[in-house]
Every structure is written in C-alpha cells, then in structure tokens.
Amino acid sequence: DTAVSQTPKYLVTQMGNDKSIKCEQNLGHDTMYWYKQDSKKFLKIMFSYNNKELIINETVPNRFSPKSPDKAHLNLHINSLELGDSAVYFCASSQDLSGTQYFGPGTRLLVL
Amino acid sequence: AQSVTQPDIHITVSEGASLELRCNYSYGATPYLFWYVQSPGQGLQLLLKYFSGDTLVQGIKGFEAEFKRSQSSFNLRKPSVHWSDAAEYFCAVGVRGGADGLTFGKGTHLIIQP
Chain A
1 DTAVSQTPKY
11 LVTQMGNDKS
21 IKCEQNLGHD
31 TMYWYKQDSK
41 KFLKIMFSYN
51 NKELIINETV
61 PNRFSPKSPD
71 KAHLNLHINS
81 LELGDSAVYF
91 CASSQDLSGT
101 QYFGPGTRLL
111 VL
Chain B
1 AQSVTQPDIH
11 ITVSEGASLE
21 LRCNYSYGAT
31 PYLFWYVQSP
41 GQGLQLLLKY
51 FSGDTLVQGI
61 KGFEAEFKRS
71 QSSFNLRKPS
81 VHWSDAAEYF
91 CAVGVRGGAD
101 GLTFGKGTHL
111 IIQP
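These protein sequences, in sequence, are chains A and B.
Counting with my numbering, you get residues 1 to 112 for the letters of the first sequence.
Counting with my numbering, you get residues 1 to 114 for the letters of the second sequence.
Okay, chain B solo, but in the shape it has when bound (with noise of 0.2 Å):
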C-alpha cells in the first residue's frame, strides 16, 4: 500500500521569503502526485498535480513542486510567499485506477511572520 509523509508538522516563514514544503512517498510503481491546501474551515483546494512528463509542474497562486523519482519525493516550493499562503498543506498519492482513493499526508501548518 502506498504512504505519505510530511515531515514538518509546522513551518514558519516570513512574508516575503521563500518556501519549500517537504513529501515523502512510498509505492512500487509511478504515482500520481498531488498537493491541496486547506485553510482554516474550508475545504481543500488543488494547488497542482503530477501524472506524467516533466517532472517540475507549476500550479495555482505561483506555486510550483518537483516530482524526483530518485528520492521519491514531491517537495512544494514558492519563490516569495504572502500572508494569505497561510494555511494547512497536504500532500497525496493515488494509484492509477486504484480505488482506494488518495493517501494523504499528516499536513504541514504554515504560519507566516509578518
């Protein structure tokens, strides 16, 4: 069965500097790969995705992640984040046509310091 983990529970990060989110995952084959973000009380909304091909995808609100087969791995990044990037992220995995739905990870908390 396949696994996520978001090492950092909580990260810190001034406004205006930048911002790497860290996922790990675990599973035989190529996954797809996903990052939602979730803020407080509402639900989840798709920041970007990976299925195939170039492994650097850009996705909304000028993030971007970096699927790296080699350290399996499928890090968020943003050059310059806003107070409004404030939010809880998750990282998940599927199996194409699995049924089992997305395996998330536990989420990383980003509070940004004015």
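The shape of chain A in the complex, shown without the other chains (with noise of 0.2 Å):
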C-alpha cells in the first residue's frame, strides 16, 4: 500500500482555471505538508498544517489554499491559474513536526 498518494499525477490545464491536488496519508501522520519542485528541480515548502494549525509560507500567493477534510487527507487548491504554476507539487507527511517526512510521488501540473 502507497504511504502517501497524491491524484492526478499529471495535471495540464489552460491559463485562469481553478484546480486541485489530492494528497492521503495510510501512515497515521498528524502533521501534513505540500511543496513545491520548479523546473530547476528547486523543492520549497509552501505549506504545513499539524492539528488543525495551518502555516503558511509567506511568499505563496493567496490563490493557493489548502483544506484538510480529516487527518489523513490534505488538498490543494490553486485558483486562477498562472503559467509560473506549472511545476511539480510534493505533498509529503510525519508523525509530528518533528518527525521524518515521507513524500508522495508528486503532480506535475503544466500550465498552457
């Protein structure tokens, strides 16, 4: 059984759009994330979320907002898309914040 999934694993979309990323966790984690690979393979968090406390990295833009349904699920959505969007989304999760994280397979999400 796959620890962290992320759906769909390729996202290709038009300029403006409103989309989301799924990400579940199997391993019992409390604290979930969602980073953000650019084309020169750069990783950068956007976002971390540990019961129920959502923490936001300032420089991601308000477009971007995540909702967690439950504990084991953390989604993203990303409104208005732009073409400096496209990039690989990581959602990743630990035990706690200070636990090891384990990574999804990632998205990778084209802007057109």
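Watch out, some of these pointers could steer you wrong.
Restricting the straight-line Cα-Cα distance to at most 20 Å, the calculated cross-link-like pairs of lysine to any residue (SDA-like) are [claimed, not checked]:
#: 1; chain 1: B; residue 1: Lys106; chain 2: A; residue 2: Thr59
#: 2; chain 1: A; residue 1: Lys9; chain 2: A; residue 2: Thr59
#: 3; chain 1: A; residue 1: Lys41; chain 2: B; residue 2: Gly41
#: 4; chain 1: A; residue 1: Lys67; chain 2: A; residue 2: Ser39
#: 5; chain 1: A; residue 1: Lys41; chain 2: B; residue 2: Tyr25
#: 6; chain 1: A; residue 1: Lys41; chain 2: A; residue 2: Thr59
#: 7; chain 1: B; residue 1: Lys61; chain 2: A; residue 2: Ser98
#: 8; chain 1: A; residue 1: Lys41; chain 2: B; residue 2: Ser39
#: 9; chain 1: A; residue 1: Lys71; chain 2: A; residue 2: Ser98
Listed next, with one range per pair, are the computed distances between beta-carbon atoms [unchecked claim]:
#: 10; chain 1: A; residue 1: Arg63; chain 2: B; residue 2: Asp100; range: 40 to 50 Å
#: 11; chain 1: A; residue 1: Asp70; chain 2: B; residue 2: Ser14; range: 44 to 54 Å
#: 12; chain 1: B; residue 1: Ser18; chain 2: A; residue 2: Leu27; range: 18 to 28 Å
#: 13; chain 1: A; residue 1: Leu83; chain 2: B; residue 2: Arg22; range: 27 to 37 Å
#: 14; chain 1: A; residue 1: Tyr10; chain 2: B; residue 2: His109; range: 14 to 24 Å
#: 15; chain 1: A; residue 1: Gln14; chain 2: B; residue 2: Thr12; range: 38 to 48 Å
#: 16; chain 1: A; residue 1: Lys44; chain 2: B; residue 2: Asp54; range: 22 to 32 Å
#: 17; chain 1: B; residue 1: Ile11; chain 2: A; residue 2: Val60; range: 26 to 36 Å
#: 18; chain 1: B; residue 1: Asp54; chain 2: A; residue 2: Asn26; range: 22 to 32 Å
#: 19; chain 1: B; residue 1: Leu56; chain 2: A; residue 2: Gln14; range: 48 to 58 Å
#: 20; chain 1: B; residue 1: Lys68; chain 2: A; residue 2: Lys67; range: 35 to 45 Å
#: 21; chain 1: B; residue 1: Arg22; chain 2: A; residue 2: Arg108; range: 26 to 36 Å
#: 22; chain 1: B; residue 1: Pro79; chain 2: A; residue 2: Asn62; range: 46 to 56 Å
#: 23; chain 1: A; residue 1: Glu53; chain 2: B; residue 2: Ser18; range: 43 to 53 Å
Think of the hints as simulated: they come from the structure by calculation, not from any bench.
A virtual CB, placed ideally from N, CA and C, is assigned to each residue, including glycine.
Mind docking these for me? Both chains are given alone in their own frames, and the hints should help you get the complex.
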C-alpha cells in the first residue's frame, strides 16, 4: 500500500482555470505538507498543517489554499492558474513537526 | 533561518567507484538532517536521516552519511556505485518542532559512467 498518495499524477490546464490536487496518507501521521519543485528542481515548502493549525509560507500567493477534511488528507486548491504555477507539487507527511517526512509521488502541473 | 548548500550541481562517477556528495548546512542549533533521492520522474525517497546520537548513520541502498558539527557538514557516501544510483540527490535540514518544513539544498545530479 502506498503510504502517501497524490492524484492526479499529471495535470494539464489552461491559464485562469481553478484546479485541485488531492493528497492522502495512511501512516496515521499528524502533520502534512505541500512542497513545490520548480523547473530547476528546487524544492520549497508551501504549507504545513498540524493539528488543524495551518502554517503558510509567506511567499505563497493566496490563490493557493490547502484544505484538510480530516487528518489523513490535505488537498491543494489553486485558483486562477498562471503560467508560473507550472511545477511538480509534492505532498508529504510526518508523525509530528519533528518527524521524518515521507513524500508522495508528486503531481506534475502544466499551465498553458 | 536555516540553509543548505550542495556545492556540486553535477557529479560523474564510474560504476563501481566510490562516491561522496557534499552537504553543508547553516543553523544555530543541532538540526535534523536528511538525504533524499529522486529518480527521473519519481518522487522523493528517504535514504537516511540524522536526529542525534551516533554521527555516522547508515541508510538504504548501501549509503551512509556522517554528521560533522565542527564543519557543519553531512556528506553522503557510498563505497561502490551502481548504474541504478543515477539520480538527483537532495540534502535537507529540519528544525525540532519547526513548522517551516524541510529546507532543501538545490540538489546534486549524479551521473554514472559505465
């Protein structure tokens, strides 16, 4: 069984659209994250979500909003997509804020 | 804020040769340190981690890393590389109880020559 899963694996969409990426973890972890990997493969934290507390990286545009329906899920909603949003988005989870993070397979987003 | 430097963008190694990938970090206290590997088109797989204790840590796939506080380094090593080790390697630092997630280096691309 996959520990951290993401859907879809690939997402191609037009500028201005709204899209969502889903993330689920079956590890029983309390903390989940979203990272963005740019075209140069640089990884940067976007959000962390722990015990219903959301920590936002201040550089993330407010077009991005994480939603957690329960502890096992942290979905990423993106409004008004822009060309610069094209990237690979990784979900991760850890037992707590100090724990080892386990990553999902990534969602490759291409905005045309 | 913490930072991670991987000074080598690309490294080419012959199959069967030894490997060392460099990682330096900047953080005021003792950090948590990680090495992840990313194969083309794949996600990130944890190779090994250092939280505390023995400064030489063993990981999967025959990798090891040594934490050297005096040099602020956490270099990754493997005595004999295999063609399947060709991938992107990321060093990362985490903070105890920190909500800022992991801070990653820019990665080292490992090429294996036959």
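Structure-based check of all given hints:
Note on B/Lys106 and A/Thr59: the hinted pairing holds, with a Cα-Cα distance of about 18 Å set against a maximum of 20 Å. Of the supplied pair hints, the one linking A/Lys9 and A/Thr59 is violated, its CA atoms being roughly 25 Å apart against a limit of 20 Å. The straight-line distance between the Cα atoms of A/Lys41 and B/Gly41 is roughly 11 Å, inside the 20 Å bound, and the hint therefore holds. For the suggested pair A/Lys67 and A/Ser39, the alpha carbons sit about 25 Å apart, so the restraint of at most 20 Å is broken.
Pair hint A/Lys41 plus B/Tyr25 holds up; C-alpha atoms about 19 Å apart against a cutoff of 20 Å. With a C-alpha separation of about 18 Å, the suggested pair A/Lys41 and A/Thr59 falls inside the 20 Å cut-off, and the hint holds. With a CA separation close to 25 Å, the supplied pair B/Lys61 and A/Ser98 exceeds the 20 Å bound. Taking the CA atoms of A/Lys41 and B/Ser39, the gap is near 12 Å; set against the 20 Å cutoff, the hint holds.
With a CA separation close to 17 Å, the supplied pair A/Lys71 and A/Ser98 stays within the 20 Å bound. About 21 Å separates the C-beta atoms of A/Arg63 and B/Asp100, a value inconsistent with the hinted range of 40 to 50 Å. A hinted range of 44 to 54 Å for the beta carbons of A/Asp70 and B/Ser14 is consistent with their spacing of about 50 Å. Between B/Ser18 and A/Leu27 the beta carbons are some 34 Å apart, a value that contradicts the proposed interval 18 to 28 Å.
A C-beta distance of roughly 34 Å is found between A/Leu83 and B/Arg22, which places it inside the suggested range of 27 to 37 Å. At roughly 23 Å, the beta carbons of A/Tyr10 and B/His109 sit within the given window of 14 to 24 Å. Separation of A/Gln14 from B/Thr12 is about 40 Å and conforms to the stated range, judged on CB atoms against 38 to 48 Å. The hinted window of 22 to 32 Å between A/Lys44 and B/Asp54 holds, with their beta carbons roughly 31 Å apart.
Restraint check, B/Ile11 to A/Val60: a C-beta distance of roughly 32 Å satisfies the suggested window 26 to 36 Å. At roughly 31 Å, the beta carbons of B/Asp54 and A/Asn26 sit within the given window of 22 to 32 Å. In this structure the hint that B/Leu56 and A/Gln14 lie 48 to 58 Å apart at CB holds, the actual value being about 51 Å. In this structure the hint that B/Lys68 and A/Lys67 lie 35 to 45 Å apart at CB holds, the actual value being about 42 Å.
A C-beta distance of roughly 29 Å is found between B/Arg22 and A/Arg108, which places it inside the suggested range of 26 to 36 Å. Restraint check, B/Pro79 to A/Asn62: a C-beta distance of roughly 49 Å satisfies the suggested window 46 to 56 Å. Between A/Glu53 and B/Ser18 the C-beta distance comes to about 45 Å, which sits within the given range of 43 to 53 Å.
In the structure shown, a violation is registered for the earlier hints numbered 2, 4, 7, 10, 12, in ascending order.
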